[in-house]
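Undergrad: So the chains spell out like this:
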Amino acid sequence: MRKSSFSGVMLIAGLLFLYLPMLVLVVYSFNSSRLVTVWAGFSTRWYFELMRDEQILSAVWISLRIAFFSASMAVCLGTMAAFVMVRFARFRGKTALSSMVTAPLVMPEVITGLSLLLLFVHMAQLIGWPEDRGMVTIWIAHTTFCSAYVAVVVASRLREVDLSIEEAAMDLGARPLRTFFQITLPMIAPALAAGWLLAFTLSLDDLVIASFVSGPGATTLPMVVFSSVRMGVSPKINALATLIIMAVSLATLMAWYVMRRSESRRRQAMLQDMTAGR
Amino acid sequence: MFNFTVRPRRLFGPGRRWVIAVPLLWLTLFFLLPFGIVLKISLSQAAISIPPYSAVFDYANETLNIILTFGNYLFLATDSLYVSAYWGSVKIALLATVLCLLIGYPMAYAMARAPAHWQLVLLLLVMLPSWTSFLIRVYAWMGILSNNGLINNVLIWAGLIDSPIRMLNTNFAVILGIVYAYLPFMVLPLYANLTRLDVSLLEAASDLGSRKLNTLLRVTLPLSKGGIIAGSMLVFIPAVGEFVIPELLGGPSTLMIGKVLWAEFFHNRDWPVASALAMVMLAILIVPIALFHRYQSRELEE
Numbered sequence: 001m002r003k004s005s006f007s008g009v010m011l012i013a014g015l016l017f018l019y020l021p022m023l024v025l026v027v028y029s030f031n032s033s034r035l036v037t038v039w040a041g042f043s044t045r046w047y048f049e050l051m052r053d054e055q056i057l058s059a060v061w062i063s064l065r066i067a068f069f070s071a072s073m074a075v076c077l078g079t080m081a082a083f084v085m086v087r088f089a090r091f092r093g094k095t096a097l098s099s100m101v102t103a104p105l106v107m108p109e110v111i112t113g114l115s116l117l118l119l120f121v122h123m124a125q126l127i128g129w130p131e132d133r134g135m136v137t138i139w140i141a142h143t144t145f146c147s148a149y150v151a152v153v154v155a156s157r158l159r160e161v162d163l164s165i166e167e168a169a170m171d172l173g174a175r176p177l178r179t180f181f182q183i184t185l186p187m188i189a190p191a192l193a194a195g196w197l198l199a200f201t202l203s204l205d206d207l208v209i210a211s212f213v214s215g216p217g218a219t220t221l222p223m224v225v226f227s228s229v230r231m232g233v234s235p236k237i238n239a240l241a242t243l244i245i246m247a248v249s250l251a252t253l254m255a256w257y258v259m260r261r262s263e264s265r266r267r268q269a270m271l272q273d274m275t276a277g278r
Numbered sequence: 001m002f003n004f005t006v007r008p009r010r011l012f013g014p015g016r017r018w019v020i021a022v023p024l025l026w027l028t029l030f031f032l033l034p035f036g037i038v039l040k041i042s043l044s045q046a047a048i049s050i051p052p053y054s055a056v057f058d059y060a061n062e063t064l065n066i067i068l069t070f071g072n073y074l075f076l077a078t079d080s081l082y083v084s085a086y087w088g089s090v091k092i093a094l095l096a097t098v099l100c101l102l103i104g105y106p107m108a109y110a111m112a113r114a115p116a117h118w119q120l121v122l123l124l125l126v127m128l129p130s131w132t133s134f135l136i137r138v139y140a141w142m143g144i145l146s147n148n149g150l151i152n153n154v155l156i157w158a159g160l161i162d163s164p165i166r167m168l169n170t171n172f173a174v175i176l177g178i179v180y181a182y183l184p185f186m187v188l189p190l191y192a193n194l195t196r197l198d199v200s201l202l203e204a205a206s207d208l209g210s211r212k213l214n215t216l217l218r219v220t221l222p223l224s225k226g227g228i229i230a231g232s233m234l235v236f237i238p239a240v241g242e243f244v245i246p247e248l249l250g251g252p253s254t255l256m257i258g259k260v261l262w263a264e265f266f267h268n269r270d271w272p273v274a275s276a277l278a279m280v281m282l283a284i285l286i287v288p289i290a291l292f293h294r295y296q297s298r299e300l301e302e
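Those sequence lines, one after another, are chains Y and A.
Residue numbers for the first sequence follow my numbering, beginning at 1 and rising by one.
Residue numbers for the second sequence follow my numbering, beginning at 1 and rising by one.
This is chain A alone, in the form it adopts within the complex:
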């Protein structure tokens, strides 16, 4: 590891540049650049044309006219619908993340402490649902929660209730759906982190007379901070922009920004407002994304 900076250059002479260029160019063109375009469109005006927005840069008579419209952002800030949609998304995502952590942490802990030959089976069991289909797993809850669904039918049959409880199309259903869909992504980084935990530290704590709960709170939890952050971000960030779950499980009162953006884009065909919504969402999420990136790159460099 001493001549780390020298070796690669020797190893990968002229071809090196190409190996770097291909993924860098692809991701710049298809991931980074599009954000610039979203920013541009968010500063244009909706127009009845194809595509449905006004030009931002206009070159005519040897002059370049740049017309920036900040109206879309002003519109978002003043209309209470959008403000409460952002607030609602963050609130629901936060609640779901905390619930995921409360369920996922003990699961990951038990997996990491399980006998070695069981760990692979348990890991596959936790991950398998996420490899099936997101859409279908959300759909499963529609049949369970609806007014004539499984839970209500069973409760009525048992004589516990007379009329069905409304569970589908509520915020409760949305949070349940997010917890259900994203739980594997919470357990995975926690498990990866907890398996690397040095058991001798726990033994040392117990030898020094620390109680189990005390060890958990003051040794295990701080040591698994990285896994907690990674898992929470893997749930929270996508959940804020979630569209499928509030659309299928939520009701008319469920205000989430992903659903609003979808409606602005597909139903109102207001591309500039949809772009502004995306930019503001990105601004809200930039700190969590940076936090996640810091953890991930630390993982990659270890």
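Only chain Y is shown next, with the shape it has when bound in the complex:
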């Protein structure tokens, strides 16, 4: 930083730009006035009102379940896709697979959402499933785009892993499946964890795709927040935002602590896993 003070100043300014609006959200969540913009004294009433809001609480529960199952399935699919792309030589369909892994990373959500909804409508007409849309259709949609992110994260880690250990295991007679679970999997475990967490937050955060493929029974948290925010600012949403920011900060702090303790080589690898994410 000493060589180029301009970029150093820009970095600090950029971080302030990223964090000040979030700080404002947090500060106003403790405002006792209903008007978010006028400070009327410290109060925690909005947190209590949030805890009493049945609609938000049930939406949180639905979103957490969808995110858990989407992230878990996305880790399975994404790891397989990454393994195929990194470890397998050319085969028919490899280009198609790699395109289908990178395209969801940038595809506008309205296109993904609309196309999946039309698919579900067609499937319902043709084979009678899914009969009505809800958590299962959101789970499929989230799994699909999250597995692309997981695949990129895991692929970058797989490329770092020493292939000769896997080869040694197989030369000693271990079957491919056993080699994968006993040798490869432990080595890429940090990337799987990073991929799972990334998929979990992506699923928890998605509004547009879920709005398209959801049915009357399944209202996720972003859908509730969006319909409330559309009416204008509301201190209850500020309280919710504060809780989310706190949870993510805590998780990041823990991840940082783990990474800092682990040896520097591992840390470098994990850094690469994370950067590959988006």
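A hint or two may mislead.
Stated by the list, open to error - Sample of chain A residues with no beta-carbon within 12 Å of chain Y, all distances over it, derived:
hint : residue
1    : Thr78
2    : Ser84
3    : Leu95
4    : His117
5    : Thr132
6    : Asp162
7    : Arg166
8    : Asn171
9    : Leu208
10   : Gly209
11   : Leu223
12   : Phe236
13   : Thr254
14   : Leu277
15   : Gln296
Said to hold, decoys possible - Pairs of lysine-lysine residues, derived as DSS-like cross-links and limited to a Cα-Cα distance of at most 30 Å, are as follows:
hint : chain 1 : residue 1 : chain 2 : residue 2
16   : A       : Lys225    : A       : Lys212
17   : A       : Lys40     : Y       : Lys94
18   : A       : Lys91     : A       : Lys225
19   : Y       : Lys94     : A       : Lys225
Claimed, not checked - Non-contacting residues of chain Y with respect to chain A, defined by C-beta distances greater than 12 Å in every case (computed):
hint : residue
20   : Leu57
21   : Ser58
22   : Met85
23   : Gly113
24   : Met187
The set of hints was computed from the structure by calculation and includes no laboratory data.
Built from N, CA and C at the ideal position, the CB exists for glycine as well.
Add chain A to chain Y, keeping to what the hints say.
TA: Chain A only, in chain Y's frame:
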């Protein structure tokens, strides 16, 4: 690496096919195939039925009738609302991408030059906001920019202005929102690229008498082209189809295609026009997506 083509086959005998098949089938069914269906629906007519469109393939009396309606596309081309919505989206996304690059590049540069033990902290600090909630981060600006929001209140209190400046529900707010929401995704690939930059090349340039600005323009920037492309595409492509930001921060005059598509689908229930809108948007974005894919696959194969 010599017997690269031989090894995998030996390693993963019969199970290999299954490992390939599962992700390939899933993504084909739930990512690729849906685009074909969108194309099909975009060539049908809106109808008052469930689902609300006419059949494209009709099999009756041992004849297959295929009725393709190109009216939806013609409608998009002739109605100035849609044309200006596409134009507006591309313009806003482009402007936001350039701003992201101008802010993000120095940030990534400073991060890559920071002491090693600081880099992880800085990276986590840049990425942390993107792990919280997109919706809530956009919402934060509503409270800051509105007529009785933080900025206007402070300016009036300081006596700089008498009446509030209208900032929320303008194109300015939309661009600000996009830059804010997507900045981490610009910084990340740039940082990944710049950390791999060979410092000896910069030293060589300086030894040969190159000035700092000259080195930046003729050595650093060309070498980080890959990161610039990846970061720009990660911002530009999703921003063109953005719905949440123009809906919450934009005003009635903000025409963006994601918002129009949403309205056609949810409010007008015109699925064929919404599908045609999606297909045209995809056609506009196919070159940027291919560019991004080329960079990504190069990254994956390195």
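Undergrad: Against each hint, give a clear statement of whether it holds in the structure.
TA: Hints, one by one, checked against the model:
no. : hint                : verdict
1   : Thr78               : holds (22 Å)
2   : Ser84               : holds (18 Å)
3   : Leu95               : holds (17 Å)
4   : His117              : violated (8 Å)
5   : Thr132              : violated (5 Å)
6   : Asp162              : holds (18 Å)
7   : Arg166              : holds (15 Å)
8   : Asn171              : holds (19 Å)
9   : Leu208              : holds (17 Å)
10  : Gly209              : holds (17 Å)
11  : Leu223              : holds (16 Å)
12  : Phe236              : violated (9 Å)
13  : Thr254              : holds (15 Å)
14  : Leu277              : violated (9 Å)
15  : Gln296              : violated (4 Å)
16  : A:Lys225 - A:Lys212 : holds (18 Å)
17  : A:Lys40 - Y:Lys94   : holds (26 Å)
18  : A:Lys91 - A:Lys225  : holds (22 Å)
19  : Y:Lys94 - A:Lys225  : holds (26 Å)
20  : Leu57               : holds (17 Å)
21  : Ser58               : holds (18 Å)
22  : Met85               : violated (6 Å)
23  : Gly113              : violated (9 Å)
24  : Met187              : holds (16 Å)
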